[in-house]
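Produce the complete structure using the sequences and hints provided.
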Amino acid sequence: MPLQPAITDLEELKNHPAVAKLLAWNPAAVEGAKFDRDEMSIYVERSSIRDVCDLLCQNTDFPFNYLADITCVDWFPSEPRFEVVYHLLSHSKKERVRLKVRLDGSSPALDSVTPVWPAANYFEREVFDLFGVRFAGHPYLRRLLMPEDWEGHPLRKDYPVEGYR
Amino acid sequence: MILNMGPHHPSTHGVLRLLLEIDGENIVRIMPDIGYLHTGIEKTCEAKFYQQVVPLTDRIDYLCPLTNNLCYVLAVEKLLGLEIPPKAQWMRVMLNELTRINSHLIWLGTHALDIGAMTVFLYCFREREDILRLFEMVSGQRMMTSYFRIGGLALEPPLGFFERVQDFATRFPSKVDEYENLLTGNPIWGMRTKGVARITAEDAVALGASGPTLRGSGVDFDLRRDMPYSSYEKFKFRVPVSQGGDVFARYACRVAEMRESIAMVQQALDGMPEGPIKAVAPKVILPDREMMKTQMEALIYHFKIITEGFAVPAGEVYQAVESPRGEMGYYVVSDGTAKPYRVHMRSACLANLQALPTMCEGRLLADVVAAIGSIDIVLGEIDR
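Chains as they are written, first to last, in our numbering: chain A, 1 to 165; chain B, 1 to 384.
I should point out that these hints are in silico values taken from the structure, not numbers from a laboratory.
These figures come from a predicted structure and were not determined experimentally.
Be careful, since some hints might not be right.
Partial selection, computed: residues in chain B whose CB lies under 7 Å from chain A [stated by the list, open to error]:
hint, residue
1, Gly35
2, Leu37
3, Lys78
4, Ala206
5, Leu207
6, Gly208
7, Val255
8, Ala256
9, Arg259
10, Gly315
11, Gly329
12, Tyr331
13, Val333
14, Gly336
Subject to a maximum C-alpha distance of 27 Å in a straight line, what follows is the list of computed DSS-like cross-link-like pairs (lysine-lysine) [to be verified]:
hint, chain 1, residue 1, chain 2, residue 2
15, B, Lys304, B, Lys48
16, B, Lys304, B, Lys283
17, A, Lys21, A, Lys94
18, A, Lys94, B, Lys236
19, A, Lys94, A, Lys14
20, B, Lys236, A, Lys93
21, A, Lys34, B, Lys304
22, A, Lys94, B, Lys234
23, B, Lys175, B, Lys194
24, A, Lys157, B, Lys339
25, A, Lys100, B, Lys339
26, B, Lys293, B, Lys304
27, A, Lys100, A, Lys21
28, B, Lys87, B, Lys234
29, B, Lys175, A, Lys157
30, A, Lys93, A, Lys157
31, A, Lys100, B, Lys48
32, A, Lys34, A, Lys21
33, A, Lys34, A, Lys100
34, B, Lys87, B, Lys283
35, B, Lys283, B, Lys293
36, B, Lys87, B, Lys194
37, B, Lys234, A, Lys93
38, B, Lys293, B, Lys87
Cβ coordinates follow ideal geometry from the N, Cα and C atoms, glycine included.
Here it is, written out as structure tokens:
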């Protein structure tokens with residue numbers, strides 16, 4: 001199966017159930033989309049992530065009812081620096097979708113999705129711990145893996161692999 | 001009163017610390033505290049070549065290394081767009097199912113030991129030893145196998161390997177009967193597990209639970225059947241689901257899974273295709289030793305792969321497999337170089353652990369031990 005080039009034109013992708021739902025709701029919330037290697041990614045505008053998740057989760061025709069994962073990618077030194085990545089799964093339709101939110105490096109913050117899925121609790125704490133992205137409205141935003149008094153966020157690209165000595 | 005359970009409590013299977021707020025014998029609140037085993041594997045991956053990450057994936061979940069190997073190599077193969085030959089895919093399925101049995105055996109042994117049924121432990125480790133010998137035979141290692149490589153398998157399975165697996169597959173179903181004889185109808189086992197640590201299907205989904213923890217609550221979802229990978233669609237198997245949502249339901253699910261898994265091993269043995277074990281991609285896959293010593297070109301490729309790695313086209317992939325504990329996912333981001341830009345592991349245990357407070361709050365202190373056992377936690381996978 002040789003690689004197909006990625007489709008990034010929103011017009012071509014607007015029939016995907018998640019994209020169609022979001023465009024019908026609020027076109028301004030969708031910054032772009034990408035279909036690459038059989039996987040769908042949707043770039044979501046920062047302030048609407050919680051509403052987008054709620055909408056996709058509650059959607060009765062095509063519910064993305066399960067939050068599989070939240071993580072982050074640091075594109076240091078380019079800006080916007082952080083990409084918070086959400087992997088959603090539909091148990092009934094057996095389909096996945098990836099949501100991405102781009103964040104600036106200066107004080108990265110966005111809304112927590114814990115009201116939609118309690119599962120986001122640990123995932124968001126992990127992202128906060130390792131990348132320093134803050135989630136507004138999280139019930140207990142503390143470090144998850146590193147010690148409480150640790151300085152810095154180890155998975156950032158400007159954090160040395162050997163740590164600070 | 002606040003009670004500190006762990007990090008070295010024997011029933012926490014590693015280094016899990018639970019802060020228990022208790023009122024007499026009743027649990028008011030549970031706060032898990034994790035991170036004692038955090039080794040920064042995700043960060044380490046960013047400094048390695050793609051092929052050097054495979055041994056790291058073994059160490060994440062040390063009870064099912066082959067499942068982790070598979071998940072990672074599938075993700076990278078998807079990034080590269082490689083086609084894997086059928087024999088390698090079938091071998092992968094067969095070894096994955098053996099790994100599932102291996103992992104479930106340890107779970108069953110230690111879980112039963114935790115709640116007082118000591119005998120089962122010895123029975124389970126007897127069969128586990130057989131599986132580890134099979135792994136040693138095929139990969140040279142008992143636990144940290146690293147047998148799956150990007151593009152196929154590390155080695156051709158040795159002579160006599162399939163006969164040994166056949167022997168095991170013939171013997172094993174009667175052994176599962178032995179475990180069930182000891183536990184399923186045992187009234188003490190029933191009292192410790194039935195109705196204990198209940199979780200509803202809605203809660204389990206909302207909390208991100210997966211695998212037997214989810215299926216024990218009646219949600220019929222298994223990635224092997226519903227989103228097949230590595231030729232799972234060619235195998236016939238049943239996905240065991242229990243409705244109880246309690247410790248016993250999760251126990252019943254896993255025991256039934258062992259029976260399904262051994263049936264799949266048998267199917268893999270019966271239908272094992274002939275052919276190569278590696279894809280055709282000389283720039284990615286190391287040439288055979290014999291070729292390397294006789295052909296100039298193979299030697300060049302070998303040298304280049306070892307010293308410089310191989311470039312992977314830019315992009316990102318999320319690949320999930322059904323590990324013995326649930327949805328194990330690898331999110332690999334490539335920036336077009338020979339080292340992964342980001343590797344993230346979606347740990348099934350981390351999400352399952354979030355369900356623990358919901359299971360235990362309002363119940364008795366002694367049930368916590370049963371609940372921890374029933375979600376089958378592996379701290380290496382949680383902390384990474």
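Right, here's what the structure says about each hint:
no. : hint                  : verdict
1   : Gly35                 : 4 Å, holds
2   : Leu37                 : 9 Å, violated
3   : Lys78                 : 6 Å, holds
4   : Ala206                : 5 Å, holds
5   : Leu207                : 5 Å, holds
6   : Gly208                : 3 Å, holds
7   : Val255                : 24 Å, violated
8   : Ala256                : 20 Å, violated
9   : Arg259                : 24 Å, violated
10  : Gly315                : 5 Å, holds
11  : Gly329                : 6 Å, holds
12  : Tyr331                : 6 Å, holds
13  : Val333                : 6 Å, holds
14  : Gly336                : 13 Å, violated
15  : B:Lys304 <-> B:Lys48  : 15 Å, holds
16  : B:Lys304 <-> B:Lys283 : 8 Å, holds
17  : A:Lys21 <-> A:Lys94   : 17 Å, holds
18  : A:Lys94 <-> B:Lys236  : 19 Å, holds
19  : A:Lys94 <-> A:Lys14   : 19 Å, holds
20  : B:Lys236 <-> A:Lys93  : 21 Å, holds
21  : A:Lys34 <-> B:Lys304  : 33 Å, violated
22  : A:Lys94 <-> B:Lys234  : 18 Å, holds
23  : B:Lys175 <-> B:Lys194 : 23 Å, holds
24  : A:Lys157 <-> B:Lys339 : 14 Å, holds
25  : A:Lys100 <-> B:Lys339 : 23 Å, holds
26  : B:Lys293 <-> B:Lys304 : 15 Å, holds
27  : A:Lys100 <-> A:Lys21  : 16 Å, holds
28  : B:Lys87 <-> B:Lys234  : 13 Å, holds
29  : B:Lys175 <-> A:Lys157 : 50 Å, violated
30  : A:Lys93 <-> A:Lys157  : 37 Å, violated
31  : A:Lys100 <-> B:Lys48  : 26 Å, holds
32  : A:Lys34 <-> A:Lys21   : 16 Å, holds
33  : A:Lys34 <-> A:Lys100  : 11 Å, holds
34  : B:Lys87 <-> B:Lys283  : 21 Å, holds
35  : B:Lys283 <-> B:Lys293 : 17 Å, holds
36  : B:Lys87 <-> B:Lys194  : 43 Å, violated
37  : B:Lys234 <-> A:Lys93  : 20 Å, holds
38  : B:Lys293 <-> B:Lys87  : 25 Å, holds
Hints 2, 7, 8, 9, 14, 21, 29, 30, 36 from the list above are not met by this structure, while the remaining hints are.
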